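Trainee: Chains as they are written, first to last, in my numbering: chain G, 1 to 239; chain P, 1001 to 1430.
These are calculated hints, taken from the structure and not from any lab test.
Note that the coordinates shown come from a computational prediction; the quantities given were computed from them, not determined experimentally.
Wrong hints could be hidden among the right ones.
Below are the DSSO-like pairs computed for lysine-lysine, each with C-alpha atoms no more than 27 Å apart in a straight line [as the list claims (entries may be wrong)]: (1) LYS1321(P) with LYS15(G); (2) LYS136(G) with LYS1184(P); (3) LYS130(G) with LYS1324(P); (4) LYS153(G) with LYS177(G); (5) LYS1231(P) with LYS65(G); (6) LYS1184(P) with LYS130(G); (7) LYS89(G) with LYS15(G); (8) LYS69(G) with LYS1324(P); (9) LYS89(G) with LYS1321(P); (10) LYS69(G) with LYS210(G); (11) LYS27(G) with LYS136(G).
Across the chosen pairs, the derived CB separations fall in these ranges [unchecked claim]: (12) ILE1026(P) with SER23(G): 47 to 53 Å; (13) ARG111(G) with SER1242(P): 22 to 28 Å; (14) LYS210(G) with GLU1014(P): 38 to 44 Å; (15) ALA1028(P) with GLU125(G): 52 to 58 Å; (16) LYS153(G) with ILE1024(P): 34 to 40 Å; (17) THR1245(P) with GLY183(G): 27 to 33 Å; (18) ALA105(G) with LEU1012(P): 53 to 59 Å; (19) LYS153(G) with GLY1249(P): 24 to 30 Å; (20) LEU1207(P) with GLY107(G): 43 to 49 Å; (21) GLY183(G) with THR1017(P): 48 to 54 Å; (22) LEU1012(P) with GLU230(G): 42 to 48 Å.
Backbone N, C-alpha and C define an ideal beta-carbon position, used for all residues, glycine too.
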Amino acid sequence: MDALVVRDFHKSYGKYVGVDGISFNVKHGEIFGLIGPNGAGKTTTLRVLSTLLTVTSGDLVIYGKSVVKEPNEVRRIISYLPEDAGAYKNLTGRQYLDFIASFFANGEDRRNMVSRGIEMTGLDERIDSKVDTYSKGMMRRLLISRAIMTKPKFAIMDEVTSGLDVVNASEIRQIIKDMAKSGVTILLSSHNMFEVEHLCDRVALINQGKIVAEGAPSDLKRRYNTTNLEDVFTKVVKG
Amino acid sequence: MSHILSLIKKELRELLTPATILPIVIVALLFASLGGLTGGAVEDAVTAKPNIAIVNMDDGNFSQIYYDVIDELNATVVYNGSEQADIDHALAAMKSQGAMATLVIGPDYSSTIESGGRANITIYWNMVGTGMFSSMSTMPVEMLVGTVAANTTEVLISSGMPEENPQNITSPVQYESTTFLGEKELVGVGPAEVSAFLQGQSFMMPLLIMIVIVMLGGIIISSMGQEKENKTLETLLTLPVSRTTIVSGKLIGSALVGLLFAGVYMLGMNYYMEGLMSMAQDMELAELKLGIAETAIVGLMVALAILCALGLCMILGAFAKNYKAAQSLTIPISFLAVIPFFVVMFTDFVNLPLMAQAILFIIPFTHPMMAMNNMLMGNYELVYYGIVYLVAFTLATVAITVRLYKSDILLTGLGTTISGGPLGRFLRKR
Chain G
1 MDALVVRDFH KSYGKYVGVD GISFNVKHGE IFGLIGPNGA GKTTTLRVLS
51 TLLTVTSGDL VIYGKSVVKE PNEVRRIISY LPEDAGAYKN LTGRQYLDFI
101 ASFFANGEDR RNMVSRGIEM TGLDERIDSK VDTYSKGMMR RLLISRAIMT
151 KPKFAIMDEV TSGLDVVNAS EIRQIIKDMA KSGVTILLSS HNMFEVEHLC
201 DRVALINQGK IVAEGAPSDL KRRYNTTNLE DVFTKVVKG
Chain P
1001 MSHILSLIKK ELRELLTPAT ILPIVIVALL FASLGGLTGG AVEDAVTAKP
1051 NIAIVNMDDG NFSQIYYDVI DELNATVVYN GSEQADIDHA LAAMKSQGAM
1101 ATLVIGPDYS STIESGGRAN ITIYWNMVGT GMFSSMSTMP VEMLVGTVAA
1151 NTTEVLISSG MPEENPQNIT SPVQYESTTF LGEKELVGVG PAEVSAFLQG
1201 QSFMMPLLIM IVIVMLGGII ISSMGQEKEN KTLETLLTLP VSRTTIVSGK
1251 LIGSALVGLL FAGVYMLGMN YYMEGLMSMA QDMELAELKL GIAETAIVGL
1301 MVALAILCAL GLCMILGAFA KNYKAAQSLT IPISFLAVIP FFVVMFTDFV
1351 NLPLMAQAIL FIIPFTHPMM AMNNMLMGNY ELVYYGIVYL VAFTLATVAI
1401 TVRLYKSDIL LTGLGTTISG GPLGRFLRKR
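Could you build the full structure based on these sequences and the hints that come with them?
Mentor: Right, here's the structure in full:
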């Protein structure tokens, strides 16, 4: 079953072409990675899927809901985690999770959602500290918990471990794996090829707005005769 | 030395940006234009010919001096009567023809002076504005009365009249004032006193509005810049809630903060007003205090002005890519608040040229700033038009903001989105 179908998707900013007619599918429960150099069109694709940007042409359908025609429906089933995202600094972690939960549930369901979120953060008593006082790792855990606690069908994550230390990044990757096991489909972008190789079931390599390679990391390594995904990336991008 | 030069150059490049230079240039231009406006107002007041109505019930020679001086100063007389009953007609002519004052000379004017006394006249002043320069319009009439007094002194001295009290020769005429301000008649009060009182009272409201709008504008735009920088806006926009709800929530929340600010300032202002009123307790001036209905209208207009300011801030904030960019976007809001503040302080809307009136009317913050004085002057029409305009302005800004929130521009900024097509493209409906 396809969780995401992208067909001939174009996105332009005036004369500048950000994404130049890409097509790909993501299957239910898959972790799919979008990789590519800076300015390749990864974040644009994620932002369009998150209903933040409009489509120039083509369509993107998440679990049967068109991003172009039904953005409100799409927002009910997705969860988006932008790169370097923050939270409202004057709220505590608990208050922030409760604020987000208020858009998805009421009463007992809302309280349960917040409890689930708090448990996932692993922040213990620090959950009642102001977000302003959190380290980058704590902040990322809070935001990932925010993204998961609503039980989305489709999670979109941009550079999810960017700037984190080894321990925090490893913990976050484990959380993402657990998410996928629980049935959440995940689309992520990353510059960290090690992370992509070990986390993603399949990847699409995007360069100058076009998909130039697609497949499972092991298939790509075989196809390009390399031992790791970083070399695949270099070969594809440099030609 | 080269190190310090490099550092100085770096500082200059950082500090002298269009965002820092533009406000200084605009403030300089603003003061220059205000100087022209105020200078013009003062010059007009000083060089204007007296324009009066006169009721002379005296048959003697001394009251004839008024007519000699009227000829001498080339003054305009819009009404000339000689009976007690003519006073009402004279006042009506003064108001309808915009004359500066009505002089009423009593029947015993000449005989009082001849008998060595000091004669009284009554002056009904027609105040047509409440600005700082409004009382200056009385200067030509005061000059006329002063000249009459001086000429009377000359006659008394040259005729060698016996005089027990020399003061009555040097000041043979004194006058009592009554001032008309719109529909209000303030007996025993001159325009200068009214103007001074009104300045004390009506200066505070525009000041309060200006402070609240400048402060709130800064807070709202900066918070939007911060939302973009922290990417909390991106999270917010992917939640299952309509853009209209997000915009309305932001607007109402911010408006409550604005009203709280305004309320705190108003509380302070209330103490100030009480102090002002206690000075005017036994005076006719207390009549100028606004009633409950008028106060409610001013309150409504302040609330609407805050909503207008927030709407504008949200439109401008949509273009702010980050916190720093947001700082420079507060400048237009500040100017829109400062310009009407200065104009209302110095002069009156009704006395401005049509073009200036049009510009001021378009600025939403002008309306609550001048509402208090307009109601005192009986210009309720202008107040009601102001309320309608403020409501329309608020709705328009909300509609534009919602449109912006549905477009790419909120995340991509202006440059990248409109470069390839008309401005309307960025407002393309999702």
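Trainee: Check each numbered hint from earlier against the structure, then list the numbers of those it violates in ascending order.
Mentor: Violated: hints 2, 6, 7, 8, 11, 16.
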